[in-house]
Amino acid sequence: MVWQKESKFIYEIFLEKHKIILVFFALLFILLSVRLFYLQILKGTHYRKVSDQQRMYNTHERAPRGIIYSDNGSMMVGNDFTYVALFYPFEQQETPSDETIEQLSKILKRDIKPTIDRGWRYGRVVKLADNLTMEEMFKIQEKKLILSGISVVKEPRRVYFYPEQNSHVTGYTGEINAEEVARLYEQGYKPGDYVGRGGIEQYYDRFLQGTDGGWQLEVNAKGNQTRAFKYIHPEIGASVHSTISQQLQNAAYDALKNSATGRGAVVVLDTKTGAVKALVSLPGFDTNKAGTREFAKYLKDKDLPLFNRALQALYPPGSIFKIVTFAAAVELLDINLKETEICTGSFELGDRWYACWLKSGHGRVNLIAAMAQSCNIYFYDLALKLGVRNIERFARKFYLGERTGIDLPNEKKGFIPNPEWKKMKTKMSWLQGDTLIFAIGQGALSVTPIQMADMITAVANRGVYLRPYIVDNIINIKGEEVFKHTVRTRDTIELSEETWDLLYESLVETVENGTGRRSKLSGIKVAGKTGTAQNPHGENHAWFVTFAPADNPEIAIAVIVEAGGGGGLNAVPVARKIYESYFGIEDIEEEAVEKPKRKNR
Amino acid sequence: MINEKSFFHRFANAIDIWLLASLFALVLIGGFAVYSASFNYGISSKYVTVQTAAFFLGIVLMLFTAGFNYQYYRQLDKAVYIFSILLLVSVLIFGVTINGAKRWINFGFFSFQPVEIAKLAYILVISSFLDKNWKNIKKPSALAYTFAILMGHFILIMAQPAFSSILPYFLVTLVLLYVAGAERFYLLCISLFCGLSVGIPLLIEFLKLQPFVANPSSYIGYFINSLQSNVIGIFYVAVVIVALIFVIWWLLWKFRVKISIIYAVLLGFAVMFGFMASMSVEKSLKDYQRKRMVVFLYPETDSRGAGYNVIQSKIAMGSGKISGKGFLKGTQTQLGFLPEQHTDFIFSVIGEEGGWFFSQLVILLYFIFIWRALIIARESRDRYGSLVAMGIAAMFVFYAVINISMVTGLMPVAGVPLLFLSYGGSSMVSSMIAVGLLFSIHMRRYTYY
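Line by line, the protein sequences are chains A and B. Using my numbering, read the first sequence as starting at 1 and increasing by one per residue. Using my numbering, read the second sequence as starting at 1 and increasing by one per residue.
Please note: incorrect hints may appear among the correct ones.
Unchecked claim - Footprint (simulated), chain B over chain A, 3 or more residues, beta carbon under 8 angstroms:
| hint | region |
| --- | --- |
| 1 | 5–14 |
| 2 | 17–29 |
| 3 | 34–45 |
| 4 | 51–64 |
| 5 | 212–220 |
Quick caveat, the hints were computed from the structure, so don't treat them as lab data. Just so we're clear, the structure is a prediction, and the values are computed from it rather than from any experiment. C-beta: ideal position from N, C-alpha, C; glycine also.
Let the sequences and hints guide you as you build the complete structure.
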């Protein structure tokens, strides 16, 4: 076959080109076939997975957190429900349209600003508004047609009973932040989760977290649900049974709140187990306001309400450190109780004068009286006899400068100074004057209220140091006990019986006739020691550590009233109120205060 | 010529059974795919009805076209050209604007895309021109005339605008020029010029996506950035390339490979003008357009925007695996993740629901169709018939290759339908008319003057 009217030669040239074109077209189709082979056969499994991923959507139903109970089974933290408005991104729309936002703002009467998530992927929802009321929820549901992509879901919300009183015991919850996600991702935390912040909520977050549930759905490109596969019921977190006595907690809160400044901390320990029966730090905060705008004011407050003073605040112990100096003196020095010293109100060392807190002086005092009256002069003398090394050694023996290991987050260690530290810090040598103020618990020495509570508990137990704890046991949804605290003795301080006897006698004397007499109770023998910590920023801090009944101790209390002035005057009544609540004694404070017995010996 | 046989007898004789069978198979697969694609719109029967109606209208028109002697188009080539120009002008006047482009003329109960007919008219006209001037085809003037004819359509289509229709036009012209015997070196220069003018802006855009270039302190990054901001910079590159061409020519000359200097000069001009044209293309392209041109290489960088279509299409194709998810069971299709699924992305629907088996089958059927069209071109009784059949074959090839490359992520997304399969009455009718032209040529292969 040839072209008519054309020479065969010309047609053959055409045939050549025709062949090349055919080959060229065939190559194009082979190229396409190779691509198909790659996409559908080699990468088929991968793309099948991707296509399933983008059509499957798991609605996330947040599980309620576990409930926190007090020691008698009353609820400290529970849950109720709130409604949250969410936006489900669909097709090519990552954020709700301006119109939708405007409508929603109008319905809720709030200013809604969606945050654009840069790391967006399919199935990620954008939270628009939370804490919706039932009415608002219904209003949104009514107008669902004009609010495209908006849906309202039920979410559990934390409810705190006695929110101010328990604020530092329970802590609060908040949405996990980016840094925490990065750190905790391997433990199963993911963006959008709520985690505990402070207190039991933080320390036992692992147990309190429930197992989230939700629907496994198929969605189309518009984000609408087309089929539902299965529903996983969210599981509540484990119940935490704390050792807090709500009654004592409230009593301690009220007493501290009504003290001189209303700032400070109280720790009440069970001397037999080390269980925390009350732990108050003031000012506190309303844990129910967590996540709201009002909560932000706590962050700005100069009184630092979010700061757990019981565990994190470092104060000089003041005269309650004399317990340590006392023990060291009895152990190491040959003290004769018959021997007395004269306190004139001041003490000369080198070219400086060191004063006693009572300007007029205590007159003639022996060891017991010096302790009871908290005579500084007597202890200055002991300090010089003991030397800084011995005092430091005994401070460590009493576990100062070391965490108690309580099961609450962010506990501070405190600090014990020594000559090497001073040399390094100030390039100056340790002077005998430093030893003097060290012996009476002032200067660089710093302790936390929980440490003081633990120390006085050990004194009550004649040397047995218990690890304080706040959670007794945790029971999961199946009723299994997943955690149980075992009472552990940290250590026993080996001191002679004589030392304990004298210490006991002096602490009882302090309450009976000394600086702590405002805590004297009728019918119950109380032992204790007051302290006044020098505060460079203002008024002195008032300390009181105590335990009762003195003969068979049950509870120990450490009180500090920040900037409260003298310990005997301001911290002691707080402890007394707690005792009244614990022992069920009528308020006889007036009588006690009306009978000041000033013995100047 | 005396032939007493009836038309149908002759037609039955002329039927290329392979061509017709592959055509029907493609249309059948397309019908199922369109049904499935529109199933989730809830108007599945409507699209399939329209498509079927267009197909049967197409068969009638195909028979008419087959009956009409194609040689009349050669004699009436001026009238055909004017007719096609009028069609393209009319759409600019009477057309309705959809998505910012005037491509449709609305006749009330149906609307129609004149460019679908115009492209067939163009093949007829250009073939006629090449056939009539075949003796002068080696001269540059023939090339100039050819591109002048192309320009008439080009400008009117750009005015719509319908950029995506331009590429097949251009490629069909090149194929026809090659087959008609145009100087290959000129074609190379033209391709080089066009390639450079469009390729350079894309290359720059592509390089900007590379991490080692995005860093402006690196040498290459600095180089690219200076090219972009500095007009002179790009000329340095052009001058270097032209110099290189001359050096190579000189070296070849030295080694006794004697090539006329005119070739080197032409090549140099092509490069120079290509670079110059690329500057104006670079300026005329809007940022989003440039982005769209290269985003298919890295669709994940803009998964919700320009890259969305490619990503979804690739997922649909790939997730079909070998055997497919089953008719009406494709999740990408039925849940609406796949965009434009009944038109431009119909091949992805087939790939997802029919799997590799059906998508490869479509490619195979297409190839059979093209192969038969090329056979018709070979067996034509004259050059004109060969050129027309070749042009039609090339048109089907380029539409198919562009469309399938686009949905499989080998090419930027361009709105080119897959003929016979994509939903669209105009393209179905025009494709059937094109088949009619093939039959018209085939029927008369034994007819003598």
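Hint-by-hint comparison with the structure:
no. : hint    : verdict
1   : 5–14    : holds (count 4)
2   : 17–29   : holds (count 8)
3   : 34–45   : holds (count 9)
4   : 51–64   : holds (count 4)
5   : 212–220 : holds (count 3)
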